[in-house]
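Novice: Every letter in the sequence shown is one number past the one before it in our numbering, and letter 154, counting from 1, is 154.
Read the hints as simulated data drawn from the structure, not as lab findings.
Check each hint, because a few of them may be wrong.
[What the hints assert, rightly or not] Computed list of lysine to aspartate or glutamate pairs in DMTMM-like fashion (alpha-carbon distance at most 25 Å, straight line):
no., residue 1, residue 2
1, Lys106, Glu324
2, Lys150, Asp46
3, Lys293, Glu361
4, Lys269, Glu324
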Amino acid sequence: MAKIRHPKKSEIDYIFDMCNRIFRYEKGGWNLNFIKKQFHAFDENDILVIEKNGKIVSHLYMKPYQINICGAILKGAEVGGVATEEKYRGRGFASSLLREAIYKMKERGLQISTLGGFRDRYARWGWERGGSSRTYIISDRSVRYAGNPKNIEIYKYTSSYINMRKRLVEAYEKNEIHMIRSEIDSYLTYDVKKYSKMDIWMLFSEDDKFAYMATLMTEDRENLRILEYGGDPNVLTRGLRKAYEEMMPKEILIPTPGIHTRFTSLLEKISAGWTIHPVRQINILNLKGCLKKLLPIAERDAKPFLDNLAKSYSVTLKVLETGEEATILFDVGICELSEERSKDIIVLDKCHLVRLIFGQEKPSKIIKLDKNALTYLDLIFPLPFFEWVTDTR
Numbered sequence: 001m002a003k004i005r006h007p008k009k010s011e012i013d014y015i016f017d018m019c020n021r022i023f024r025y026e027k028g029g030w031n032l033n034f035i036k037k038q039f040h041a042f043d044e045n046d047i048l049v050i051e052k053n054g055k056i057v058s059h060l061y062m063k064p065y066q067i068n069i070c071g072a073i074l075k076g077a078e079v080g081g082v083a084t085e086e087k088y089r090g091r092g093f094a095s096s097l098l099r100e101a102i103y104k105m106k107e108r109g110l111q112i113s114t115l116g117g118f119r120d121r122y123a124r125w126g127w128e129r130g131g132s133s134r135t136y137i138i139s140d141r142s143v144r145y146a147g148n149p150k151n152i153e154i155y156k157y158t159s160s161y162i163n164m165r166k167r168l169v170e171a172y173e174k175n176e177i178h179m180i181r182s183e184i185d186s187y188l189t190y191d192v193k194k195y196s197k198m199d200i201w202m203l204f205s206e207d208d209k210f211a212y213m214a215t216l217m218t219e220d221r222e223n224l225r226i227l228e229y230g231g232d233p234n235v236l237t238r239g240l241r242k243a244y245e246e247m248m249p250k251e252i253l254i255p256t257p258g259i260h261t262r263f264t265s266l267l268e269k270i271s272a273g274w275t276i277h278p279v280r281q282i283n284i285l286n287l288k289g290c291l292k293k294l295l296p297i298a299e300r301d302a303k304p305f306l307d308n309l310a311k312s313y314s315v316t317l318k319v320l321e322t323g324e325e326a327t328i329l330f331d332v333g334i335c336e337l338s339e340e341r342s343k344d345i346i347v348l349d350k351c352h353l354v355r356l357i358f359g360q361e362k363p364s365k366i367i368k369l370d371k372n373a374l375t376y377l378d379l380i381f382p383l384p385f386f387e388w389v390t391d392t393r
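Between the sequences and the hints, there should be enough to build the whole structure, so can you do that?
Specialist: This is how it looks when you write it as structure tokens:
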């Protein structure tokens with residue numbers, strides 16, 4: 001008989017070997033040392049396995065995190081490593097684990113969950129592509145507008161730079177959207193590194209201003225992907241030009257959150273163009289909790305419009321699968337949750353809810369709803385969400 005349980009510490013190496021056999025991490029460019037250390041860093045209570053005939057045959061993990069979104073702190077978990085031994089597939093083991101994971105994440109009071117993987121595989125559990133990232137494309141022509149890189153010094157970070165990791169962390173934490181990393185997460189990110197060919201570059205200007213970037217060059221040297229960065233925007237852009245001249249990729253691809261950040265203006269200036277796309281698959285585990293955290297950001301951004309509202313309005317969002325409801329009140333100068341149910345009720349399944357709240361465009365552009373409701377929802381949605389590649393698992 002199959003049973004779901006948490007693993008013992010002594011079973012982590014077996015789980016790692018099983019996942020590596022299934023996912024073939026190295027083929028995807030992952031650093032095996034990073035993966036193994038990450039598995040051992042997990043709390044066993046954040047891992048679920050299915051045991052069949054005394055053997056672990058299926059697995060997933062729920063890596064808890066806190067993400068700072070423009071000052072608001074959301075609690076979530078990254079679900080990953082969803083794997084079943086080949087001979088045991090087709091028995092619903094992964095579905096059982098996902099169902100149990102959602103139950104446990106809700107029980108722990110988490111507001112959201114994120115994961116990678118195939119969209120169609122996880123949609124029935126409520127995960128949908130959401131968040132917004134703008135990826136800038138820097139070419140040999142556009143990079144000329146980055147400024148003079150002559151006095152930018154560039155060094156590859158290694159663990160021998162004893163005091164520099166703290167500076168990397170401080171620069172990362174100044175980004176408008178970032179994870180609140182533990183010591184082990186910072187160590188894994190900068191000292192171990194997620195990908196086998198990933199590098200961390202430290203950039204210094206003549207007046208000792210600082211920036212950094214995590215990079216990954218494609219095999220054909222067509223693209224230099226920037227996975228994470230932080231620090232002084234001017235130093236970063238000049239450093240990008242220096243990196244371009246020294247590494248000679250065809251293009252540099254650098255992501256930003258879909259909102260305006262400290263880097264936006266300069267990246268627009270030095271780019272040949274950009275694309276906008278979803279960031280991650282998101283599952284809203286607690287609608288009220290999520291909106292309670294993020295509505296103050298929306299209220300701040302929509303304040304010029306809210307200050308001039310002629311009358312109050314409310315709308316109730318209802319989750320089709322669970323019946324959970326949250327009512328949003330719009331009034332002069334405010335946008336907040338209300339305990340009073342609205343006469344205007346919008347019922348959406350979990351995936352449509354993600355597209356409404358964490359989409360890439362205004363709701364009126366992507367979803368058919370009452371025009372009056374959309375007029376107000378366009379004021380506050382989509383809410384910002386972004387994950388750096390270095391923070392995904």
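Novice: Does each hint fit the structure? Answer for all of them.
Specialist: Structure-based check of all given hints:
no., hint, in the structure
1, Lys106 / Glu324, "holds, 13 Å"
2, Lys150 / Asp46, "violated, 48 Å"
3, Lys293 / Glu361, "holds, 21 Å"
4, Lys269 / Glu324, "violated, 44 Å"
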